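Enquirer: Chains A and B supply the protein sequences, listed in that same order. Okay, so the first sequence: first residue is 1 according to the working numbering, each after it adds one. Okay, so the second sequence: first residue is 254 according to the working numbering, each after it adds one.
Be aware that one or more of the hints could be misleading.
Pairs of lysine-lysine, DSBU-like flavour, derived with a Cα cap of 35 Å [to be verified]:
(1) B:492 x A:101
(2) A:101 x B:465
(3) B:410 x B:465
(4) B:354 x B:465
Derived from the structure by calculation, the hints contain no laboratory data. These numbers come from a predicted model, not from an experiment.
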Amino acid sequence: MIRLEGVGKRFARGDVEALRDVSLHVAPGEFVAIVGASGCGKSTLLRLVAGLVPPSSGQVVLAGTPVVGPRADTAMVFQAPTLLPWADVLRNVTFPLRLMKQAAGDTEARARALLATAGLAGFEHRLPRELSGGMQQRVAICRALLQQPRVLLMDEPFGALDALTREEMSLELLRIWSGLQMAVVFVTHSISEAVLLADRVVVMSPRPGRVAEIVPVNLPRPRGFGQEALPEFQAAAQRIRALIYGERLPRAA
Amino acid sequence: MRRSALPSLLVLVVLLLGWEAACRFIPIREFILPSPSAIWAQSYAVWPNLLRHTLATLGTVMWGFLASVAISLPLAMVIAASPAISAAIYPLLVVTQSIPKVALAPILIVALGANELPRVIVTFLVAFFPLVVGTVAGLLATPPELIELGRSCRASKLQELTRIRLPFAVPFVFGGLKVAAALAVVGAVVAEFVGADAGLGYLIQTSMAFFKTPLAFGAVLVLAAMGIVLFQVVSLAEKLLFPWSSGADQPPPGM
Ligand SMILES: Nc1ncnc2c1ncn2[C@@H]1O[C@H](COP(=O)(O)OP(=O)(O)OP(=O)(O)O)[C@@H](O)[C@H]1O
Ligand SMILES: [Mg+2]
Numbered sequence: 001m002i003r004l005e006g007v008g009k010r011f012a013r014g015d016v017e018a019l020r021d022v023s024l025h026v027a028p029g030e031f032v033a034i035v036g037a038s039g040c041g042k043s044t045l046l047r048l049v050a051g052l053v054p055p056s057s058g059q060v061v062l063a064g065t066p067v068v069g070p071r072a073d074t075a076m077v078f079q080a081p082t083l084l085p086w087a088d089v090l091r092n093v094t095f096p097l098r099l100m101k102q103a104a105g106d107t108e109a110r111a112r113a114l115l116a117t118a119g120l121a122g123f124e125h126r127l128p129r130e131l132s133g134g135m136q137q138r139v140a141i142c143r144a145l146l147q148q149p150r151v152l153l154m155d156e157p158f159g160a161l162d163a164l165t166r167e168e169m170s171l172e173l174l175r176i177w178s179g180l181q182m183a184v185v186f187v188t189h190s191i192s193e194a195v196l197l198a199d200r201v202v203v204m205s206p207r208p209g210r211v212a213e214i215v216p217v218n219l220p221r222p223r224g225f226g227q228e229a230l231p232e233f234q235a236a237a238q239r240i241r242a243l244i245y246g247e248r249l250p251r252a253a
Numbered sequence: 254m255r256r257s258a259l260p261s262l263l264v265l266v267v268l269l270l271g272w273e274a275a276c277r278f279i280p281i282r283e284f285i286l287p288s289p290s291a292i293w294a295q296s297y298a299v300w301p302n303l304l305r306h307t308l309a310t311l312g313t314v315m316w317g318f319l320a321s322v323a324i325s326l327p328l329a330m331v332i333a334a335s336p337a338i339s340a341a342i343y344p345l346l347v348v349t350q351s352i353p354k355v356a357l358a359p360i361l362i363v364a365l366g367a368n369e370l371p372r373v374i375v376t377f378l379v380a381f382f383p384l385v386v387g388t389v390a391g392l393l394a395t396p397p398e399l400i401e402l403g404r405s406c407r408a409s410k411l412q413e414l415t416r417i418r419l420p421f422a423v424p425f426v427f428g429g430l431k432v433a434a435a436l437a438v439v440g441a442v443v444a445e446f447v448g449a450d451a452g453l454g455y456l457i458q459t460s461m462a463f464f465k466t467p468l469a470f471g472a473v474l475v476l477a478a479m480g481i482v483l484f485q486v487v488s489l490a491e492k493l494l495f496p497w498s499s500g501a502d503q504p505p506p507g508m
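Model the full structure from these sequences, guided by the hints.
Expert: Okay, here's the thing in structure tokens:
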């Protein structure tokens, strides 16, 4: 579904080499998490796949065609909810489809159904500022899902949420994802979140950003927090931790 | 949101009573400082005349205000669209602001004739600047995340402007509109001082020429009321048309 072939990205401003020679395949319907130290190019990687910035070298291929700009079949969830302050929840959720002139007769009904799944029934006509941070982020996720993307890009979508909301929303995301044919690339700072959610965890190393290793997670689905105690879970988490901190800390474990 | 008007009303009444009392007990001549009752009596006596002058000023104010809106909004969009255009136009705008409009008015009247047009232009010149500045600030204050959201939805430059930047700028635009409404009254009076045969500015000048100070004071009070009413009309329009804007906890437009 997504193929990155030797992708490099250098920002002219500041002369930063954000990514070097990144190659990665994501299968249709696969859930891939990306972890790595701050500044190692995770957001840049997502923006490349989203077509928001062009690569300096290599190429990004999506469903067989090189990415040259934003596409209708990819959707992005940003770190902050980024809702339109003047539009109510329903109009925020339908905004991308209306902007791309893809709104159909059933768009609103689908949006309402999606909001109900996300526990936002009854909030359709509230303004973003009347919602809590967690609710706003759920609206942003509904907005991305309503586009029925084949590729969903999520940049630390739960980063600003408290631990409780975060866990609840992780499971909700998995439940929604399992019913759709959609590849997910999910950037996170939380190792346990990555292991809980993903089929594979891409560990990146910084300066310049490269793929250090791809750690497969062989836990059965549906996933749940009960699995955190399983040895497979612990082994994957340990491996990721070692890859991230191994370069900096003496092997303590 | 809505503060009670009672305390300020009370202060006003006390001030008026004090003024009235001062005029009664201290012998001040009426053409220097008329008492509130004298102002009311003299103004009320000629109310059809006062109304005619008020309507004349109101006309100039409205035309000047509309011209400000019609010119400022597109101008602000052009300025916000590119740093190069902004660098070319902004200094010129600042120059127009540093020219005293009172000095410009007689020149315009000689050039354009003693009609409504030069007065409307002076009103426009006084009123439009805060509107341009406010709108530009709003258009440029749009968070980059929202712009990126638009880009990821494949928005064109025009869509980005109309669907994201302009709506975001609405509270800023209304901030500018409120200031412009108040300034338009100032501009109209300045123009009327210089060249007019009607209007409250004209009335103030002619009254003072004949030492009819109470009537001049009456005209000043009508002007103040006009400014307040226009300001409130703009606020009300904002509340009705863009309810999300007025209650929003957004910072007031930087001016
Ligand atoms: N638009 C840009 N212009 C210049 N440099 C940039 C730009 N965007 C990112 N960078 C640089 O590229 C590098 C990677 O940035 P990126 O935002 O992808 O990191 P990240 O892994 O997402 O970090 P974090 O986990 O803190 O979000 C950083 O060194 C950053 O300074
Ligand atoms: Mg990032």
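Enquirer: Please name the hints from earlier in the document that this structure breaks, with their numbers sorted from lowest to highest.
Expert: Violated hints: 2, 3; rest satisfied.
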